[in-house]
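Number of protein chains: 2
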Amino acid sequence: MHKLLILSKEAGQYRLLIEKARLPDLTIESTLTPEIDIVFGSPSLIKDALASLPALSWVQTTSAGVEALTNPAARRDYILTNAREVFGGLMSEYVIGYLLAHERKIFELQQSQLSKDWNDADTGTLRGKTIGLLGVGSIGAEVARTAKFFNMNVRGYTRESETSKHVDKYYHPSKSTLESDSLLSKQQQAAALQSFASGLDYLVSILPNTKDTRKIVDANLLAVLPSHALFINVGRGSAVDESALIDALNQNKIAGVVLDVFEQEPLPTEHPYWTTKNLMMTFHTSAPSLPEDITKIFIENYPLFNEGKPLKYEVDFEREY
Amino acid sequence: MHKLLILSKEAGQYRLLIEKARLPDLTIESTLTPEIDIVFGSPSLIKDALASLPALSWVQTTSAGVEALTNPAARRDYILTNAREVFGGLMSEYVIGYLLAHERKIFELQQSQLSKDWNDADTGTLRGKTIGLLGVGSIGAEVARTAKFFNMNVRGYTRESETSKHVDKYYHPSKSTLESDSLLSKQQQAAALQSFASGLDYLVSILPNTKDTRKIVDANLLAVLPSHALFINVGRGSAVDESALIDALNQNKIAGVVLDVFEQEPLPTEHPYWTTKNLMMTFHTSAPSLPEDITKIFIENYPLFNEGKPLKYEVDFEREY
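Protein chains in written order, with the numbering used here: chain X, 15 to 335; chain C, 15 to 335.
A couple of the hints might just be wrong.
One side of the interface only, derived from the structure: several residues of chain X facing chain C at Cβ under 8 Å [what the hints assert, rightly or not]:
1) L64
2) G103
3) L104
4) Q124
5) K130
6) D136
7) F163
8) P280
9) F297
10) P317
11) L318
12) F319
If you are wondering where the hints come from, they were derived from the structure by calculation, not from laboratory data. Quick reminder that beta carbons are idealized off the backbone N, C-alpha and C, glycines included.
Please take these sequences and the hints and turn them into a complete structure.
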């Protein structure tokens, strides 16, 4: 008999959905007991329980990001699976929504209405623009497919994978860069990133928080973007050098920024982002975890776990995603 | 030798593009002369020149809407062709942009940012929503295709055509309605419209200005929309009963309206639309006529005209589109 603990703000809803599936040999525990071998929930809540779960053998997260659990100092003696494939549609809506708000000048036109100004100046289009995706996993692939639907050119920057056919051109760090911390390899990575970013109309980061992605969006990368470029971050706040981004906006080196994720969340009220010009923010809401979608992953994975087979969406602790 | 007159705010740009195509047996006139047999341009400018063009045999418009020329009192002794196929992509961007602005609450979230409020309430999605298209010609078909890409359900209301495979269900007035002005047939049309509109999340009008479309969006139609519904008009302002629309918004019978077109353009500053709550407007800019795209249509049509063959996109003066 497996014992499951649910650690989530929506635990009640998840419990009902899992009970409804009548999974064999599974009981759902209401409190943390030493016999629990499966945990389902959000990484930040699970992290604090790890020390009290001696029998733990599988964790299924409700999120795609798992950085709270891949910290090298934390235990890694269990199977970690995350949620994938379910966020791409929502994140694509978010990205396209803000790209269109930018191109169609919907905030400026709202101001025109307020001043009763018949402002019939032409607005822009997505057609023919070039979008660069930092990170092309299952979410990036869906953003790429959506960008292609709107007739954009699509570039992708990934560690090494080239799985989406909707990316026109891929860019990667050299292999030696991945395996070394030397100054030379950092320069090689910077060169690959700069070719990737050069001339982009839109830069979108969908990167997870790993040792290889920290502050990848830095002053050097921002410097090669055209002044009309828009940057959107729906991945993790850690991928951005915050002061470099603020400088780029203040100096009009780029046209606009849309951030859904931040180094610290909720963002402290004293943070300069709140009032940086041409910076628009949302509050880690670009792609909420919908309990029906996430529970489906658990229900698919449970029989595989029960039979000792490889699970879907296993996280590589070394890669941190 | 054919003689062409260009009547457009962008006449200079069109002239260069047409000259570049080196069309045979064609001279471009700079002033209105009696020998002119072809006119290319915007209907409102062409209308005023009609009386001074005794040799006129073909008019190619730069717009899709041609109501300035289909007025029953005006002459109809020439071939009228309009611009089609070129606006669908831009109008789809507009519609999807405002639908996403609505679902993702981008104006509310901008206010949250201004008040430094970490507002992480869930926002909505297009997935699974039902959109109703009033008018499904080449523009409507492209909006339908885009709606399907975002996994919406699509209804279409047309006179009788069912040409887009991206429409899940079509609604039509009965044949007798089209041929009669009787009270009964008006009621039949209202019944078909109400089935079409009932329960829609989004209503989008792409209707041309004809005798059959005037005030089709009236109090009865608005009454069957759910209170969370959004109405977008990218067709013609004449399709809307303005005071019924303002009442529906003031009484919260629908959630929002986005208008790009109006009975009178530019909209007079004293018009109540400017300040009606939950009404957002743009200024007949949802799909600008891009000279490269429009000129292509003229260049394709010219040899057909020259050889006396049927032209592309001929307008039926009776139907008015």
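A quick look at each hint next to the structure:
no., hint, verdict
1, L64, "25 Å, violated"
2, G103, "6 Å, holds"
3, L104, "6 Å, holds"
4, Q124, "7 Å, holds"
5, K130, "5 Å, holds"
6, D136, "5 Å, holds"
7, F163, "5 Å, holds"
8, P280, "4 Å, holds"
9, F297, "4 Å, holds"
10, P317, "28 Å, violated"
11, L318, "27 Å, violated"
12, F319, "29 Å, violated"
Figure legend: structure checked against the earlier numbered hints; hints not met, in rising order: 1, 10, 11, 12.
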